[in-house]
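Engineer: The primary structure of each chain is shown beneath.
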Amino acid sequence: MANTWGYGAMTNSLGDIQNSKAIIIFGANPAVNHPVGFQHFLKAKERNNAKIIVIDPVFTKTAAKADHYCRIRPGTDIPFMYGMLHLIFKNNWQDDKFINDRVYGMEDIMEEAKKWNPKKVEDVTGVPADQLIQITKLYAQSNPGTLIWAMGLTQHTVGSSNTRLAPILQLSLGNMGVEGGGTNILRGHDNVQGATDMCCLSHTLPGYYGLSSGSWKYFAKSWGVDYNWLATKRFKNEEWMGKKGFTLSRWWAGVLDGKDGNDQIHNAGTNLKNLFVMGNGITSIAQQAKVKEGLDNLDMIVLCDPFVNEAAILTDKQDDVFILPAATQFETSGTVVATNRSAQWRTKVVEPMYESKTDHDIMFELAKRLGFYDEYTAGMKIKENKKDFTWPEDASDEIARIIKTIGLTGWTAKRLKKHTENWHMFDQISGRGYGEMKGEYYGLPWPVWTETHGGSPLLYNINRSVKDGGMGFRNRFGLEHDGQDLLSGKGSAPKDSANKDGYPEITAKNIEKVLGIKLTADEKKRIGKNWKVDTSNIIAEKCMERGMAPYGNAKARAKVWTFPDQIPMHREPLHSPRQDLVKKYPSYQDKSNHYRVDTKYISKQNEQDWSKDFPINLVTGRLVNMNGAGMENRASKYLAALSPEMFCSIHPDLAGKHGIRDGSMMWIHSPEGTKIKVKANYSHSVSEDRIFIPFHFAGHFQGEDLSHKYPKGTKPYAVGESANTVTNYGYDIITQIPETKGGLCRIEYA
Amino acid sequence: MLVDTYETLKAQIGRRSFMKMAAVATAASVTSAFANDGVTRAATEEEIKNPFPGSTKVKTICTACSVGCGIIAEVQNGVWVRQEVAQDHPISLGGHCCKGADMIDMVRSEVRLKHPMVKEAGQWKRLSWDDALDRIANKLKDSHEKAGPDSAMFLGSAKMSSEQAYYFRKFAAMYGTNNIDHQARI
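Going down the list, the protein sequences come from chains Y and S.
Numbered according to my numbering, the first sequence spans residues 24 to 773.
Numbered according to my numbering, the second sequence spans residues 25 to 210.
Take the hints with a grain of salt, since some may be wrong.
[Claimed, not checked] Below 30 Å or equal to it, Euclidean Cα-Cα: the simulated DSSO-like pairs (lysine-lysine) are:
{"hint": "1", "chain 1": "Y", "residue 1": "Lys-441", "chain 2": "S", "residue 2": "Lys-81"}
{"hint": "2", "chain 1": "S", "residue 1": "Lys-170", "chain 2": "Y", "residue 2": "Lys-282"}
{"hint": "3", "chain 1": "Y", "residue 1": "Lys-240", "chain 2": "S", "residue 2": "Lys-165"}
{"hint": "4", "chain 1": "S", "residue 1": "Lys-163", "chain 2": "Y", "residue 2": "Lys-340"}
{"hint": "5", "chain 1": "S", "residue 1": "Lys-143", "chain 2": "Y", "residue 2": "Lys-700"}
{"hint": "6", "chain 1": "S", "residue 1": "Lys-163", "chain 2": "Y", "residue 2": "Lys-282"}
{"hint": "7", "chain 1": "Y", "residue 1": "Lys-437", "chain 2": "S", "residue 2": "Lys-81"}
{"hint": "8", "chain 1": "Y", "residue 1": "Lys-660", "chain 2": "S", "residue 2": "Lys-81"}
{"hint": "9", "chain 1": "S", "residue 1": "Lys-149", "chain 2": "Y", "residue 2": "Lys-738"}
{"hint": "10", "chain 1": "Y", "residue 1": "Lys-660", "chain 2": "S", "residue 2": "Lys-143"}
{"hint": "11", "chain 1": "S", "residue 1": "Lys-73", "chain 2": "Y", "residue 2": "Lys-371"}
{"hint": "12", "chain 1": "Y", "residue 1": "Lys-256", "chain 2": "S", "residue 2": "Lys-165"}
{"hint": "13", "chain 1": "Y", "residue 1": "Lys-732", "chain 2": "S", "residue 2": "Lys-138"}
{"hint": "14", "chain 1": "Y", "residue 1": "Lys-256", "chain 2": "S", "residue 2": "Lys-163"}
{"hint": "15", "chain 1": "Y", "residue 1": "Lys-735", "chain 2": "S", "residue 2": "Lys-138"}
{"hint": "16", "chain 1": "Y", "residue 1": "Lys-240", "chain 2": "S", "residue 2": "Lys-163"}
{"hint": "17", "chain 1": "Y", "residue 1": "Lys-410", "chain 2": "S", "residue 2": "Lys-73"}
{"hint": "18", "chain 1": "Y", "residue 1": "Lys-391", "chain 2": "S", "residue 2": "Lys-165"}
Because the hints were derived from the structure by calculation, they are not lab data.
Using the sequences and the hints given, assemble the complete structure.
Structural biologist: Laid out in structure tokens, this is it:
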């Protein structure tokens with residue numbers, strides 16, 4: 024998404040879904056995963072008679088509320104969406120003016136879409152041609168329509184193509200930047216958006232600044248530390264400072280170091296020796312057997328969590344496994360960012376219980392012992408030249424001072440607290456404030472360009488002025504490509520803009536010309552090089568006065584010229600039940616040094632005819648009473664009682680073929696040679712060619728109960744096999760997100 | 025210290041068991057002679073209306089999913105005693121799912137990890153924070169020198185506050201590696 028129009032985040036909000044006339048839910052199950060958020064979907068149904076269309080390999084509880092349900096084969100979302108685009112262009116349902124003014128490269132999409140007629144789509148996806156025609160017509164003619172997705176789209180080798188084609192579908196219908204439209208990705212955990220914005224990520228610095236030396240220099244300066252100290256005393260050297268690190272999905276390969284046929288690594292001449300985990304249920308990442316192998320071979324494992332992180336139970340490592348009691352988020356205060364980019368202040372309820380410590384205290388204590396505590400905390404004292412800092416307010420203000428890319432300038436601790444304290448003063452649909460909160464949107468959804476800006480609840484909306492949250496698409500990919508202008512077309516600037524057309528992102532160099540203003544000598548002295556590093560905020564302030572967005576006004580792009588597939592192309596999953604289609608739509612070439620580890624694509628896909636030995640599709644997902652690795656939910660008596668055992672949803676006819684009765688135990692075998700033993704649960708939510716398993720369990724491994732490995736008094740109320748013990752090898756070509764939503768398996772009676 | 029803790033506990037338990045008894049008495053008063061034996065009495069209307077006198081209500085946010093529902097947490101003497109939905113919250117509109125409704129029980133769960141532990145020769149042993157942190161820091165320091173900073177992997181969390189997530193990223197940077205990630209890559 025970020026590669027399409029500038030930001031990779033939910034564009035509208037849950038409340039705004041009430042404005043939709045049609046809702047496509049693609050690989051997401053909000054009725055279970057976001058139950059309270061789902062009430063806004065149901066309200067859209069009541070208010071607008073909105074039609075809900077669910078596309079999912081499994082008939083979910085969300086599907087039960089839908090007007091149309093398409094049972095799609097896992098990993099074929101791209102053909103499905105091209106099928107929709109095929110019909111849209113064929114019937115002239117597209118929004119020509121929108122495409123012309125605001126989109127680059129749609130012609131290539133039109134060409135590819137021609138190939139995907141409904142019959143062909145039916146063959147590949149399993150969705151009947153008639154149904155595709157029916158829902159495409161319905162969706163195209165019910166404006167505005169919103170498109171919802173979650174991990175059902177991202178967890179594939181082609182996940183990053185999926186998340187480009189869905190925006191393109193919305194662009195074709197002019198559904199972007201309007202109330203009731205947008206691409207609304209539903210985030211999982213409470214602060215995925217916030218932690219992602221802060222970039223606990225191996226490929227970028229906070230605020231998505233990347234890892235270039237320019238970015239590091241900006242951060243070193245903003246943190247109040249010496250760049251050379253960072254580059255030479257802390258990092259191995261400048262070169263490694265600029266390289267992406269290992270990821271959550273593949274760190275174990277970094278431990279195993281290419282031994283015993285494992286993938287080769289490229290990690291500054293060492294393998295991984297120490298693992299430090301804080302609040303991360305790594306028993307819910309793909310390929311648990313490999314995770315275990317990685318854990319077993321580390322020198323030290325440190326796990327900080329309110330409950331026992333079950334990595335400590337999974338591993339057979341005998342020494343130097345530390346489990347530290349971290350406080351919950353109710354035992355500290357700070358900012359939490361909801362799925363729609365809006366912030367709330369989570370106020371501390373009680374002091375940390377037992378001997379638990381807050382996450383930041385643990386980090387501070389370690390920083391002291393590692394000798395960089397002063398450098399570490401200097402950033403909090405810079406703004407007001409303080410001697411000491413107050414957590415978390417000074418950290419919030421440090422972030423607001425530095426992060427310009429996504430416009431966090433307005434997120435001062437003071438404002439965020441005021442919003443949460445006054446949550447009753449905002450409209451549930453538009454988020455607009457009343458009374459004292461007038462002129463601001465609830466939670467100040469970013470970008471919040473200045474300390475008085477009211478937030479931007481609806482990205483890319485040119486019908487509002489920038490001051491009121493309006494903006495065009497971000498100018499992020501240069502000014503032209505293949506001789507074509509990448510700036511937005513004539514007359515397509517946000518309301519009240521001084522410049523009515525497209526314009527580039529604002530820099531110190533072009534500000535006078537683009538904004539049509541004159542800077543004073545003092546301003547010229549204080550202004551930063553460009554809007555992203557302008558800590559004086561002069562650029563943003565001047566832009567507000569002129570009704571212009573600091574990041575420019577450009578076209579969204581349907582084609583990404585730096586990706587292996589410039590436009591999204593269908594590629595079968597590495598483990599596909601359709602070998603005939605594998606030949607036609609093969610995966611990518613193997614990728615060397617993908618986040619420091621060689622990653623197999625085509626060679627894995629062609630290793631053998633996987634579908635012969637593993638004929639059943641494996642789909643994983645969530646239960647209403649749990650999230651993530653289920654660590655904290657299974658530690659609750661009441662929630663654990665709702666699903667006390669790990670199970671597999673299986674169609675009675677499929678089960679019958681294998682002699683598996685409802686309630687009997689069954690084995691699930693993966694192509695990687697691993698297996699899990701779970702209880703069969705007859706269900707018609709799945710068809711005969713696939714099974715569904717929830718991924719919240721841990722504490723069993725390949726048939727063995729590991730209960731005895733929990734320290735006394737810490738065993739959760741429910742334990743079971745981790746679904747991810749049998750998820751398959753396979754990683755997204757750009758992001759390295761694992762392909763857990765389209766693998767294969769074999770089953771037998773246990 | 026020990027005496028103080030004892031006194032505090034005694035005082036609190038005293039109040040709590042009194043409340044319990046008062047509640048039982050109310051329920052039983054119609055049919056039981058217990059109610060008037062001088063040991064218990066009927067709870068007053070005020071006590072029924074406000075079972076946690078002196079408590080404060082904290083507006084806070086659920087930690088389950090990214091919807092960001094409001095929670096009203098009632099705290100008495102430093103103990104989270106009751107959880108209410110937020111009727112006037114603009115997103116949750118008074119709603120709670122089962123995960124959200126369980127926040128109070130998650131925090132007070134009996135199976136929480138209560139103190140630092142380390143596995144040595146296959147056995148779990150309790151140790152102090154200082155010991156734990158010293159040992160961890162020494163290992164990290166040692167590897168930084170011998171194998172280089174890229175010998176460490178830091179896995180942060182989408183369950184941290186933004187401030188903590190930012191400081192986690194900064195921690196990895198100052199340790200000297202880009203081997204850092206979190207749940208967004210699931």
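Engineer: Each of the hints needs a verdict: does it hold here or not?
Structural biologist: Okay, the hints, checked on the actual structure:
{"no.": "1", "hint": "Y:Lys-441 / S:Lys-81", "verdict": "holds (16 Å)"}
{"no.": "2", "hint": "S:Lys-170 / Y:Lys-282", "verdict": "holds (21 Å)"}
{"no.": "3", "hint": "Y:Lys-240 / S:Lys-165", "verdict": "holds (25 Å)"}
{"no.": "4", "hint": "S:Lys-163 / Y:Lys-340", "verdict": "holds (16 Å)"}
{"no.": "5", "hint": "S:Lys-143 / Y:Lys-700", "verdict": "holds (28 Å)"}
{"no.": "6", "hint": "S:Lys-163 / Y:Lys-282", "verdict": "holds (24 Å)"}
{"no.": "7", "hint": "Y:Lys-437 / S:Lys-81", "verdict": "holds (20 Å)"}
{"no.": "8", "hint": "Y:Lys-660 / S:Lys-81", "verdict": "holds (25 Å)"}
{"no.": "9", "hint": "S:Lys-149 / Y:Lys-738", "verdict": "holds (16 Å)"}
{"no.": "10", "hint": "Y:Lys-660 / S:Lys-143", "verdict": "holds (27 Å)"}
{"no.": "11", "hint": "S:Lys-73 / Y:Lys-371", "verdict": "holds (25 Å)"}
{"no.": "12", "hint": "Y:Lys-256 / S:Lys-165", "verdict": "holds (12 Å)"}
{"no.": "13", "hint": "Y:Lys-732 / S:Lys-138", "verdict": "holds (17 Å)"}
{"no.": "14", "hint": "Y:Lys-256 / S:Lys-163", "verdict": "holds (18 Å)"}
{"no.": "15", "hint": "Y:Lys-735 / S:Lys-138", "verdict": "holds (11 Å)"}
{"no.": "16", "hint": "Y:Lys-240 / S:Lys-163", "verdict": "holds (29 Å)"}
{"no.": "17", "hint": "Y:Lys-410 / S:Lys-73", "verdict": "violated (48 Å)"}
{"no.": "18", "hint": "Y:Lys-391 / S:Lys-165", "verdict": "holds (12 Å)"}
Hint compliance for this structure: hint 17 is the single one not met.
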